[in-house]
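Once you've looked at the hints, dock chain B against the given chain A.
Number of protein chains: 2
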Amino acid sequence: MIKIIVDAFGGDRSPVVNVEGTIRAINENKDLHVILTGDEEVLRKELSKHQYNIEQITILHAPDVISCDEVPTEAIRKKKESSMVVALNLLRTDNEVKGLVTIGSTGALLAGAVLRVGRIRGVKRPGFCPILPTMTGGVVAVCDSGANVDCDVLHLQQFALMGNLYMKKAFGIENPRVALLNIGTESEKGDALRKETYKALQQMDLNFVGNMESRDLLSGDYDLVVSDGFSGNVLIKSTEGTALELLKLLKKAMTKNLKSKIGALILKKEVMAIKDMMDYNNYGGAVLLGANKTIVKGHGSSKSTAVYHCIKQAYRLEKEGLRDAIAAELEKIEDNNQ
Amino acid sequence: MIKIIVDAFGGDRSPVVNVEGTIRAINENKDLHVILTGDEEVLRKELSKHQYNIEQITILHAPDVISCDEVPTEAIRKKKESSMVVALNLLRTDNEVKGLVTIGSTGALLAGAVLRVGRIRGVKRPGFCPILPTMTGGVVAVCDSGANVDCDVLHLQQFALMGNLYMKKAFGIENPRVALLNIGTESEKGDALRKETYKALQQMDLNFVGNMESRDLLSGDYDLVVSDGFSGNVLIKSTEGTALELLKLLKKAMTKNLKSKIGALILKKEVMAIKDMMDYNNYGGAVLLGANKTIVKGHGSSKSTAVYHCIKQAYRLEKEGLRDAIAAELEKIEDNNQ
Numbered sequence: 060m061i062k063i064i065v066d067a068f069g070g071d072r073s074p075v076v077n078v079e080g081t082i083r084a085i086n087e088n089k090d091l092h093v094i095l096t097g098d099e100e101v102l103r104k105e106l107s108k109h110q111y112n113i114e115q116i117t118i119l120h121a122p123d124v125i126s127c128d129e130v131p132t133e134a135i136r137k138k139k140e141s142s143m144v145v146a147l148n149l150l151r152t153d154n155e156v157k158g159l160v161t162i163g164s165t166g167a168l169l170a171g172a173v174l175r176v177g178r179i180r181g182v183k184r185p186g187f188c189p190i191l192p193t194m195t196g197g198v199v200a201v202c203d204s205g206a207n208v209d210c211d212v213l214h215l216q217q218f219a220l221m222g223n224l225y226m227k228k229a230f231g232i233e234n235p236r237v238a239l240l241n242i243g244t245e246s247e248k249g250d251a252l253r254k255e256t257y258k259a260l261q262q263m264d265l266n267f268v269g270n271m272e273s274r275d276l277l278s279g280d281y282d283l284v285v286s287d288g289f290s291g292n293v294l295i296k297s298t299e300g301t302a303l304e305l306l307k308l309l310k311k312a313m314t315k316n317l318k319s320k321i322g323a324l325i326l327k328k329e330v331m332a333i334k335d336m337m338d339y340n341n342y343g344g345a346v347l348l349g350a351n352k353t354i355v356k357g358h359g360s361s362k363s364t365a366v367y368h369c370i371k372q373a374y375r376l377e378k379e380g381l382r383d384a385i386a387a388e389l390e391k392i393e394d395n396n397q
Numbered sequence: 060m061i062k063i064i065v066d067a068f069g070g071d072r073s074p075v076v077n078v079e080g081t082i083r084a085i086n087e088n089k090d091l092h093v094i095l096t097g098d099e100e101v102l103r104k105e106l107s108k109h110q111y112n113i114e115q116i117t118i119l120h121a122p123d124v125i126s127c128d129e130v131p132t133e134a135i136r137k138k139k140e141s142s143m144v145v146a147l148n149l150l151r152t153d154n155e156v157k158g159l160v161t162i163g164s165t166g167a168l169l170a171g172a173v174l175r176v177g178r179i180r181g182v183k184r185p186g187f188c189p190i191l192p193t194m195t196g197g198v199v200a201v202c203d204s205g206a207n208v209d210c211d212v213l214h215l216q217q218f219a220l221m222g223n224l225y226m227k228k229a230f231g232i233e234n235p236r237v238a239l240l241n242i243g244t245e246s247e248k249g250d251a252l253r254k255e256t257y258k259a260l261q262q263m264d265l266n267f268v269g270n271m272e273s274r275d276l277l278s279g280d281y282d283l284v285v286s287d288g289f290s291g292n293v294l295i296k297s298t299e300g301t302a303l304e305l306l307k308l309l310k311k312a313m314t315k316n317l318k319s320k321i322g323a324l325i326l327k328k329e330v331m332a333i334k335d336m337m338d339y340n341n342y343g344g345a346v347l348l349g350a351n352k353t354i355v356k357g358h359g360s361s362k363s364t365a366v367y368h369c370i371k372q373a374y375r376l377e378k379e380g381l382r383d384a385i386a387a388e389l390e391k392i393e394d395n396n397q
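Chains A and B, in that order, give the protein sequences. Each residue of the first sequence is one higher than the last, beginning at 60 in this note's numbering. Each residue of the second sequence is one higher than the last, beginning at 60 in this note's numbering.
A portion of the hints provided could be inaccurate.
It does not matter which identical chain is meant; a pair holds if it fits inside one copy or across any two.
[What the hints assert, rightly or not] Pairs of lysine-lysine, DSBU-like flavour, derived with a Cα cap of 35 Å:
1) K183 - K227
2) K310 - K328
3) K227 - K315
4) K248 - K137
Worth flagging that the hints you see were computed from the coordinates, not collected in a lab.
Bound-form chain A, shown alone:
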């Protein structure tokens, strides 16, 4: 049995989508047990709408919720009865529980996870690693993208190592193409951190393909982009933000008048395909690589499909043994250095 916590609150459509995603995941995987954290009464009512094996779900009462508007560090400290803090505490104390899926506040999760859940032995800093759909129909991951604003070469090397294993285990990519986020493609580009990291990545047992400029993130030429948390965050959010703004603009153009509505109707299938391609609900969430337990964070506006994909992702990473693989790889490097 694989035990995973699902923080049932904190998203825009919680707890409905959290419960729906959970039901779909347990009905598909008979060796999956989900612990839902949140208001017990509300969750019981929500669960009563579904058919499922009651042995596969437990509720852990947590009457409070952390919202996205709260200051993360404060919220984690003060809201001890929140669905996220209760989830993190259980994750820390119960060895049987392997992972956590949440669509709540990213800031609160990052503030709470490292402190409460701890790191894999040898990991300097866990890296936050979201994925984005590419123009060629695949995905690209960026690590780190917000957990660590100040990074050194060793941190970036570890992001590369962990992200590389992640792309193998989670997406079955045999030899992930790993790139370094930089302001130009030549090897001598960027600041001191980039120049040193470039050389360090060349020495590693990786398919390092060189520097990547931010404009090429969605090209499909890369599987993993290594970055400090500050510029990785800028990269991810500007890419998502621009795509969203353009889709909004397109929607507006297509509903402008009767004529444009007719054109839109004819093109509906093609435009929906673009929207679908860019829709994070069809992919998994972001993973906190290097944390001692599997932690998957879905978008706050996730629908139940997205929650389902996040749970599947956590389940798969457990089955594939990502944590052990990271620990083993880090030990190997340590041994080599001694």
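Chain B alone, transformed into the frame defined by chain A:
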């Protein structure tokens, strides 16, 4: 007479578009004199296709060209006869010449400009400041976006000061909304540089509206975004890159089959409006703020309209006295600090 150099080579469509843009600009502004740098014979032939006042154009022979594939620092050092190096040298030596417009290699320009042209008295580091169209029909500027990969608080303060005056002078924005690029909107977000800069910007005589997350760049809520050159570069290129990729995807969807082509035909006007809105050819170029002369850099794939807009921009900045305004403002701060 305002004398401006136009580097006539180095772009994808050079020198045709450079000459066309120049002709349009001088025909509109009788007090503008353009010095074209580049192969004299080629330029004479190109000019012979147009009607213009010959007193308004001079050719400065420069048989060589720096391409975008060359290592910038090397190219600037070695290609002494290139249209860009010849332009930069004239800019340095001739006090009468006030500005330079180029659509050649950004790297070469940045490598050459600061060294050869120098800085306004008091400016620590010139900042590269491109503009992007926003979703509300305006523009937003980002400074720095690639000239300085390592920045301290004072550099960012100066980018804010210079960018603020630039938005006033070039776009007539009375009270530019200035934001700091960060990974969250709360004042305590980001690394030490961001936290300190936040406080410093609050103390300045600016309409500082706080931190901006990269996803909101195109929202229309900001006029100037202050950043270090590394993350500013990531921001600009990922925003442009994502917009381009999505427009490509849309084009593909609209030409997929006969049915989608019919839909596209009906929607043509609306989709062209989106493309136009995102088209940099309709805006000016990026400005190197703090350099001792006005330097405007257009996209390498600029058409003649874009070159025209870049020349107009340089001309306007001269007329509006941006350089003197920056110098005066810096002196005021220096006096206050004494």
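Okay, the hints, checked on the actual structure:
For the homomeric pair K183 and K227, the shortest alpha-carbon distance inside one copy (21 Å) is at most 35 Å, but the shortest distance between copies (46 Å) is not. For the identical chains of this complex, K310 and K328 are neighbours both inside a copy (14 Å) and across copies (14 Å), given an alpha-carbon limit of 35 Å. When the C-alpha separation of K227 and K315 is checked against a cutoff of 35 Å, the pair qualifies only between copies, where the shortest distance is 34 Å, while the shortest distance within a copy is 45 Å. In this homomeric assembly, K248 and K137 come within 35 Å of each other (Cα to Cα) only across copies, at 19 Å, whereas the closest approach inside a single copy is 44 Å.
Consistency with the previously given hints is maintained throughout, with no hint failing.
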